[in-house]
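K.L.:
These are the residues of each chain, in order.
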Amino acid sequence: MTELLVGTKKGLFALRGEPGGTFDIAARAFAGEPVEFAMRDPRTGRYYASVTSAFYGPKIFVTDDPAGEWEQADGATLPEGGDVALKRIWTIVPGEEDGLLYAGGDPGVLFESRDAGRSWELNMPFWEQPTRPDWNPGAGGMCLHSIATWPGDPSRLAMAISAVGVWLSDDAGRTWRHGNQGLVPRYIPEEEREADTITLCVHNLHRHPTSPERLFMQFHGGVYRSDDAGETWIDIGTDTGLPSDFGFPMVVDPDDPDNAYVIPLTADLDRVTPDGRVRVYETRDAGASWAARGDGLPGEDAYLTILRQAFGRSGAGSNMELYFGATSGDVFGSGDAGGTWFTAAKHLPPVYSVRVA
Amino acid sequence: MAVVRLRAPLSELAGGRRELELEGATVGEVLRALEREHPAVAGWILDERGQIREHINVFVNREYGREETAVGPDDRLHVLPAISGG
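Same order as they appear, the protein sequences are chains A and B.
Each residue of the first sequence is one higher than the one before, starting from 1 at the first, in our numbering.
Each residue of the second sequence is one higher than the one before, starting from 358 at the first, in our numbering.
Simulated from the structure, these hints should not be mistaken for lab results.
Since the model is a prediction, treat every value here as computed from it, not as a measurement.
Note that the Cβ used here is the ideal one computed from N, Cα and C, for glycine as well.
Take the hints with a grain of salt, since some may be wrong.
Far from chain A, some chain B residues (derived; all Cβ distances over 10 angstroms) [unchecked claim]:
| hint | residue |
| --- | --- |
| 1 | G372 |
| 2 | R375 |
| 3 | E378 |
| 4 | T383 |
| 5 | R393 |
| 6 | N418 |
Chain B stretches covered by chain A per the calculated footprint, using a threshold of three residues with CB under 8 angstroms from any CB of chain A [as the list claims (entries may be wrong)]:
| hint | stretch |
| --- | --- |
| 7 | 385-391 |
| 8 | 405-413 |
The task is simple: from the sequences and hints, build the whole structure.
P.N.:
See below:
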């Protein structure tokens, strides 16, 4: 039995089912509220959800049972008395020590919890970055959406912000530096690109768990790979078989550091699946080439939008399960690493995030 | 003391109380007093800046109030979610 956590514009849905079949709604929480992201920590089995009430602001909630009571976590706020308020929590990620979790949010902020998510503290070195006054948000806000830990080494972190690029730390977040070399922001006039080293709109970033020096990135116009832990980036989106190098979601296969998946959208001004066809693209050669994986997905007149966090996986290798949701309210799944696809759910509210519990 | 009226979910965060008497010379002070008395409310009405969240309305008697709006001991404050959304 597979459990999916689907964050939507109108609440969190816990779906349960078997690959190939329709998934049932096992639980719905936060009815009517936008649930930006939800995940289950495999170390503890505990569930986490970020909820951004239009009325009451962003909060993190924790539970051991998604159908039961959710408890609000403490501390996921910015310093009181300042001139900035927290807008949204975009991601929650298990850390590399017992009880350690990270959360990323808008405006470009990192939170840390050392008690399994009951309380959170703002990472002050990152909050106090001297260039922060010059940072600019992407269209979705100044979202810190990707946090890539280094398996077994809590000191090494990579994270990405739209539109403030990649940030790296070798001391558990006490100091931070850029990791942007090789990224080409085509949305900035060519003559100004060298001067602007900050306004880099990363859409997604994933580290490979067994080859942690390898990362994959979906950029705002561009797909990249790093083989040196995020210091430099190699273009793997140009003339490699993708219908578009614009998009948001991304998954990597834990079994194979050369294997990654993206779901391209047509362009930044037309954020729908290209040519009216829903297709996931897979590389098995570290981005030298990409192949469409669309067997079972809508193949015509389908103009879907798949958001940044709406693509998740479980398992690895040829039996890896993949799931993604669209703002249409459809959730699609594959039980064979993208070889074939099925519709797991229909008619949900617009899907913001999908993770396998 | 001013009387503050809350609806769910704020009343649930305030220990199930829909009406409370609180000290304060302004709307902001009264709401801070509410947070001190019921810490679970913190962050739900006022944000980190001390501002009333964008889609919450606070009425002092029948008038729309802001953080700095004066509050007297006989005033009634209503905290309501705005009629908004999609």
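K.L.:
Please go over all the hints and tell whether each is borne out by the structure.
P.N.:
Cross-check of the supplied hints:
Separation of G372 (chain B) from chain A is adequate, the least Cβ-Cβ distance of about 15 angstroms exceeding the 10 angstroms criterion. At roughly 17 angstroms, the least C-beta separation between R375 (chain B) and chain A is larger than 10 angstroms, which holds for a residue marked as non-interface. The claim that E378 (chain B) is not at the interface with chain A holds, since no C-beta of that chain comes within 10 angstroms of its own (minimum 23 angstroms). Against the 10 angstroms criterion, T383 (chain B) stays outside the reach of chain A, whose nearest CB is about 16 angstroms from its own CB.
The claim that R393 (chain B) lies off the interface holds: its Cβ sits roughly 13 angstroms from the closest Cβ of chain A, which is beyond the 10 angstroms cut-off. Here N418 (chain B) stays apart from chain A, with its beta-carbon at least about 22 angstroms from theirs, past the 10 angstroms limit. Judged by the Cβ-Cβ criterion of 8 angstroms, the stretch 385-391 of chain B is not covered by chain A as claimed, because only 0 of its residues qualify and three are needed. Counting residues of the stretch 405-413 of chain B whose beta-carbon sits less than 8 angstroms from any beta-carbon of chain A gives 7, enough to reach three: the coverage restraint holds.
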